[in-house]
Amino acid sequence: MISRGDRPMIELYNLHRFFGRTRAVDNISFTVREGNVFGYIGPNGAGKTTSMRILATLDHPTYGDAYVDGFSVVDDPDHVRRRLGFMPDYFGAYANVNVYEYLDFFARSYGLRGKDRLKALKYTMGFTKLDGLAEKPMTGLSKGMKQRLCLGRAMIHNPSVLVLDEPAAGLDPRARIQLREMIRELADKGTTILISSHILTELAEMCDTVGIIEQGQLLAMGTVEEIRGETAEHAAVHIQTLDEMPRLLAWLHAREDVAQVSSEGKNVRFDFQGDKDAQAKLLKELVQENFPIIAFGAKERSLEEVFMSITEGKVQ
Amino acid sequence: MPRAKSKLGAWIDRTSFRAAEFLNPILIKEGRQALKSRGFSVPFLLVLLACLFWSFLGVSINENVYYGAVGWDFFSAYYLILAFPLLVIVPFGAFRSLTGEREDGTYELLSITTLRPLQIVNGKLASALMQMAVYLSAVAPCIAFTYLLRGIDLFAIATMLFWLVSASLLLSVFCLMLATLTTAKHWQVLMSVMVIAALMFIFFSTFPIVLEGELQRLPWGLAVETWEFWAGSFATFSGVSMIGALSYSVAHAQLKFPTDNRSTSVRIVMLLCSVVYTSWIGWASYTFSESADDVIAPIAISAAFFFPFWFIMGAFLVGEYGELSRRIRRTLPKTMAGRMFTAWFIPGSGTGYVFTICCAGAGSIFGIVMGFYADLRLPNTNTMFRFIDTRQLVQILVYFPLYLVFYLSIGRLLVVGLRKRIHVGVVASLLLHLIILATGCIVPFAVDNISMQTNFRDMETRHIIETTNVFWVLIEAYEDNISGTIFALHLLGLGGVSMILILLNLNSVIKEIRQQRVAEPKRVREEKAAQAGPPAPALPTNPFSD
Ligand SMILES: Nc1ncnc2c1ncn2[C@@H]1O[C@H](COP(=O)(O)OP(=O)(O)OP(=O)(O)O)[C@@H](O)[C@H]1O
Ligand SMILES: [Mg+2]
Chain D
1 MISRGDRPMI ELYNLHRFFG RTRAVDNISF TVREGNVFGY IGPNGAGKTT SMRILATLDH
61 PTYGDAYVDG FSVVDDPDHV RRRLGFMPDY FGAYANVNVY EYLDFFARSY GLRGKDRLKA
121 LKYTMGFTKL DGLAEKPMTG LSKGMKQRLC LGRAMIHNPS VLVLDEPAAG LDPRARIQLR
181 EMIRELADKG TTILISSHIL TELAEMCDTV GIIEQGQLLA MGTVEEIRGE TAEHAAVHIQ
241 TLDEMPRLLA WLHAREDVAQ VSSEGKNVRF DFQGDKDAQA KLLKELVQEN FPIIAFGAKE
301 RSLEEVFMSI TEGKVQ
Chain R
1 MPRAKSKLGA WIDRTSFRAA EFLNPILIKE GRQALKSRGF SVPFLLVLLA CLFWSFLGVS
61 INENVYYGAV GWDFFSAYYL ILAFPLLVIV PFGAFRSLTG EREDGTYELL SITTLRPLQI
121 VNGKLASALM QMAVYLSAVA PCIAFTYLLR GIDLFAIATM LFWLVSASLL LSVFCLMLAT
181 LTTAKHWQVL MSVMVIAALM FIFFSTFPIV LEGELQRLPW GLAVETWEFW AGSFATFSGV
241 SMIGALSYSV AHAQLKFPTD NRSTSVRIVM LLCSVVYTSW IGWASYTFSE SADDVIAPIA
301 ISAAFFFPFW FIMGAFLVGE YGELSRRIRR TLPKTMAGRM FTAWFIPGSG TGYVFTICCA
361 GAGSIFGIVM GFYADLRLPN TNTMFRFIDT RQLVQILVYF PLYLVFYLSI GRLLVVGLRK
421 RIHVGVVASL LLHLIILATG CIVPFAVDNI SMQTNFRDME TRHIIETTNV FWVLIEAYED
481 NISGTIFALH LLGLGGVSMI LILLNLNSVI KEIRQQRVAE PKRVREEKAA QAGPPAPALP
541 TNPFSD
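In the order they appear, the protein sequences are chains D and R.
Going by the numbering used here, the first residue of the first sequence is number 1, and it counts up by one from there.
Going by the numbering used here, the first residue of the second sequence is number 1, and it counts up by one from there.
Excised from the complex, chain D in its bound form (with noise of 0.2 Å):
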């Protein structure tokens, strides 16, 4: 995919937050251009919403700063909240409120007045496919209704950066195919997004970018081929042989070059660090070692593979 324009609109300068000893965000620092979608993705207690939330001028970095459109969200958080619309990973629902008028109360509270304010409404609740559901009381609405009022009311002032934390979580299929073109029509429009999640394939079909991040550190970043390609050198085998088991998962335990063997009946399965050629020599050595093989097969490893090897799985 490619970056639409060179304007960075979220700049992260060494950014870090601290509470007491635990480190959520721990030196990080990206950019993300206007109209990219930013990947933000990172297993639980990884520093997204953190980070995410000192975007959104709710939380202080302890050092370091971050821009939206050139604006320090420490310094001029009221620029940065005209231009940037954030949906935190919970609802925040009023009592006795229904869809409209909370829609039409964050419509006043940015500001928008009259036929602007009411223009604002019919497209949001348009885009977000909401029209029917206008009057309906918010405490009644299911997760996809909800998901879906939260984007209408982070992007109900039209901003030019969205920060989207874990929109797709609860969401079935369905759904989360319609979140996903309605991201992908909001960056088309040039609407610069940062959206976080910990599954690395639900944003790799959206994203430009991904950022893979870990205990508050930044440990990949690039388009999800660059991520992918950064590991390709890894490949998951599968073997069938007929017998001889034994001595073949002896020989597989004795290479530097195999891990994570498992077998099952006839099969094995491993992880292989090399490229094709390689595997065409294991296949080879395995055939000059009379081990009786009837099926070779190697195959890339998939983003969830990638994504557990990146990450280490440790817990803060």
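Note that these hints are calculated values from the structure, not bench results.
Please note that a few of the clues may not be correct.
What the hints assert, rightly or not - Residues on chain R that point at chain D, a partial pick, calculated with CB under 10 Å:
#1 Ile28
#2 Lys29
#3 Gln33
#4 Ala34
#5 Ser37
#6 Ile112
#7 Gln119
#8 Lys511
#9 Val524
Unchecked claim - 20 Å max Cα-Cα, derived EDC-like pairs, lysine to aspartate or glutamate:
#10 R/Lys522 / D/Asp78
#11 D/Lys146 / R/Glu103
#12 R/Lys522 / D/Glu11
To be verified - Covered stretches of chain D (in silico footprint by chain R; criterion: 3 or more residues with CB under 8 Å from a CB of chain R, positions within the stretch not fixed):
#13 76-83
#14 92-98
#15 109-123
Quick caveat: nothing in here was measured; it's all calculated off a predicted structure.
Backbone N, C-alpha and C fix where the C-beta goes; we use that ideal spot for every residue, glycine too.
Use these hints to put chain R with the ligands onto chain D, whose structure you have.
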């Protein structure tokens, strides 16, 4: 918008739509919520029922209804019925509406909109006012009925309602301010229990005032016809408004962004409070007095409110952080003269310390000058009221600021020292100061009293032992038990130590006021220029916005 059928309907729709554009968004939202909420309609109906019930009951048990002037009896009952929602439900509702939003996470969503903190406070207050109006309208027919019963005049009704609404508004602002003080859940729970208890107490303490008809004669039992009544009422009202203004400015400041200037506006209101207070005291004691004693005694007594106020304010101000954010440093005055003049209004522990000492000192000098002036100008009648003379007044007005400087200086040194290890906020700073004050009083008092049991001492020695016990010394000073020698010794001791403490504090104070102005970043200047460029389209402005 619902489609209107008639032309008039359409016009009403259009007009109310336009009018709503001017209103605070919070007021609109809470108005809509209130219309649907049972938490609002139930108390409203209860008030209505209580009024009806009392009307029937009152008419059936009171034989005088047909002949006598029983308006007052009926009115008191309706008034107390109205006082419950106005003094308890509405202020507590204001408290809960903010803490509740914090709990539900909606406050965060609201705070990152372009709504300013002041608009949030105003919106909450406007919504409290709206509720008051609704309760008032529920009771209004009954009150009109009491007027028809005679025995109460319109003026009395108006004054009493005025004070009730003022009290309700004051309590609402105060509760709102309390709600902004802490975001920690357990403190909020504790605070809400205390708030409801305090409000109930206030409500029940209105009973004797109302039943004895005190409110009609506010203040000091003056008759309505006299201009003193109006002056006194106005003074009372200005006092009430000052407390309200202080709460309001604190609430506003607490809702500001952490790098914003949270202090200057509060300091200005603090100063305003004490200026208004001292002016009224000065003016009233002059106008109402025939002898110098009538002036000096009120001054000495009001000092007992003035200085504790500044001690508490000072303890809060000392709890501020001295390092200015870049955002605040952009607003520092450019010129040397400007800096000299405004330095003590700029946020910071050190500037707050100096600010407090200056204000307290100014108050003390004003009081002393007033006393001497009265002594010169007014006859000294030697009446039985002569219980405080100028010499005593000077003693009191020297002791108060001296103790203030003494305890505030120790407190600040401790705050600055502790900050090298832990975070100390404004509330922690106040607690610290109160602990230091308590220690300074209890320790010598205990030493004095315990050792008294073994060897008896004369009063003079006891005064010396109790030097740091501000309560002891000031009570003795008010009772004129402090001799010149003891006063001189106290002055020497406390004054000397305070001088050293001030010097110790000075270094960090100077560091604070030396902070330099920083230029606005280019991006902000660009934005301002862009905004100033094309004329903005005329949007309706919000009357509650500033
Ligand atoms: N207010 C807080 N006080 C103390 N620690 C906090 C606070 N907020 C976050 N943390 C800590 O910071 C770390 C990062 O938390 P964060 O919520 O940013 O993670 P996350 O990446 O959003 O995780 P998840 O996928 O579970 O949402 C965690 O260890 C968390 O315990
Ligand atoms: Mg999170």
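Hint by hint, work out which the structure violates, then give me just those numbers in ascending order. 8
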